[in-house]
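Visitor: Sequence:
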Amino acid sequence: HTREKLFSCAECGKSFTYRSALTIHQRSHTGEKPFTCADCGQSFSCRSNLTTHQRTHTGEKPFTCADCGKTFSQSSNLSRHRLTHTGEKVSCPDCGKAFTRSSTLNNHRRIH
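If you read the sequence shown in full-length UniProt numbering, its first letter stands for residue 1, the second for the next number, and so on.
None of these hints come from the bench; they were simulated from the model.
Here a beta-carbon is modelled for each residue, glycine too, at the ideal position from N, C-alpha and C.
Treat the hints with caution; some may be incorrect.
For lysine to any residue, the following SDA-like pairs were computed, each having C-alpha atoms within a straight-line distance of at most 20 angstroms [stated by the list, open to error]:
no.	residue 1	residue 2
1	Lys-14	Ser-28
2	Lys-89	Ser-75
3	Lys-14	Cys-46
4	Lys-89	Leu-105
5	Lys-89	Ser-103
6	Lys-61	Asp-39
7	Lys-5	Ser-15
8	Lys-70	Arg-80
9	Lys-33	Ser-45
10	Lys-89	Ser-76
11	Lys-89	His-108
12	Lys-5	Phe-16
13	Lys-70	Glu-88
14	Lys-5	Ser-28
15	Lys-33	Ser-48
16	Lys-14	Thr-2
17	Lys-89	Arg-101
18	Lys-33	Cys-9
19	Lys-14	Ser-45
20	Lys-70	Thr-56
The following label-pair restraints were derived from C-beta to C-beta distances [stated by the list, open to error]:
no.	residue 1	residue 2	range
21	Cys-40	Gly-87	32 to 40 angstroms
22	Ala-38	Asp-94	43 to 51 angstroms
23	Asn-77	Cys-37	15 to 23 angstroms
24	Arg-55	Ser-103	19 to 27 angstroms
25	Ser-28	His-112	28 to 36 angstroms
Let's have the full structure, built from the sequences with the hints guiding it.
Guide: Written as structure tokens, this is what we have:
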């Protein structure tokens, strides 16, 4: 079932299911970045972004491709890599041309 979005941003009206998500969102308006990397001093608005960033220092790659064993620091990079095994493609709704990366499709769509 879907939960109601009871927490609304007073600044822009965007609604959230959880108060914690609203708190993180509000930082996009205030510019607050309370999570700071001890290695380089870069700051982030949410803890998960700091955790992902810290992997650039540690070299940790916790996401492994089950097909070939290649490892990735972010789950989104593994998901994109998986397309190389499945052959799955995304198609342009305007002309039908197919791409293995959604970012390449987005770049292509600018020509239409």
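Visitor: Look at each hint and say if it fits the structure.
Guide: Each hint tested on the structure:
1. Lys-14 x Ser-28: The hint holds at about 12 angstroms.
2. Lys-89 x Ser-75: holds (19 angstroms)
3. Lys-14 x Cys-46: holds (18 angstroms)
4. Lys-89 x Leu-105: holds (10 angstroms)
5. Lys-89 x Ser-103: This hinted pair holds, its Cα atoms lying about 12 angstroms apart.
6. Lys-61 x Asp-39: The hint holds at about 18 angstroms.
7. Lys-5 x Ser-15: holds (6 angstroms)
8. Lys-70 x Arg-80: Answer holds: Lys-70 to Arg-80 is near 12 angstroms, not above 20 angstroms.
9. Lys-33 x Ser-45: holds (4 angstroms)
10. Lys-89 x Ser-76: Status holds; Cα separation ~16 angstroms.
11. Lys-89 x His-108: holds (14 angstroms)
12. Lys-5 x Phe-16: holds (5 angstroms)
13. Lys-70 x Glu-88: Within the cut-off at roughly 18 angstroms; holds.
14. Lys-5 x Ser-28: holds (19 angstroms)
15. Lys-33 x Ser-48: holds (12 angstroms)
16. Lys-14 x Thr-2: Answer holds: Lys-14 to Thr-2 is near 17 angstroms, not above 20 angstroms.
17. Lys-89 x Arg-101: With Cα atoms ~7 angstroms apart, Lys-89 and Arg-101 stay inside 20 angstroms; holds.
18. Lys-33 x Cys-9: holds (18 angstroms)
19. Lys-14 x Ser-45: Judged against 20 angstroms, a Cα distance of about 17 angstroms means the pair holds.
20. Lys-70 x Thr-56: holds (17 angstroms)
21. Cys-40 x Gly-87: 32 to 40 angstroms: Cβ of Cys-40 to Cβ of Gly-87: about 39 angstroms, so the range 32 to 40 angstroms holds.
22. Ala-38 x Asp-94: 43 to 51 angstroms: This hint holds: roughly 47 angstroms between Cβ atoms.
23. Asn-77 x Cys-37: 15 to 23 angstroms: holds (20 angstroms)
24. Arg-55 x Ser-103: 19 to 27 angstroms: Because 21 angstroms falls inside the window, the suggested range holds.
25. Ser-28 x His-112: 28 to 36 angstroms: holds (30 angstroms)
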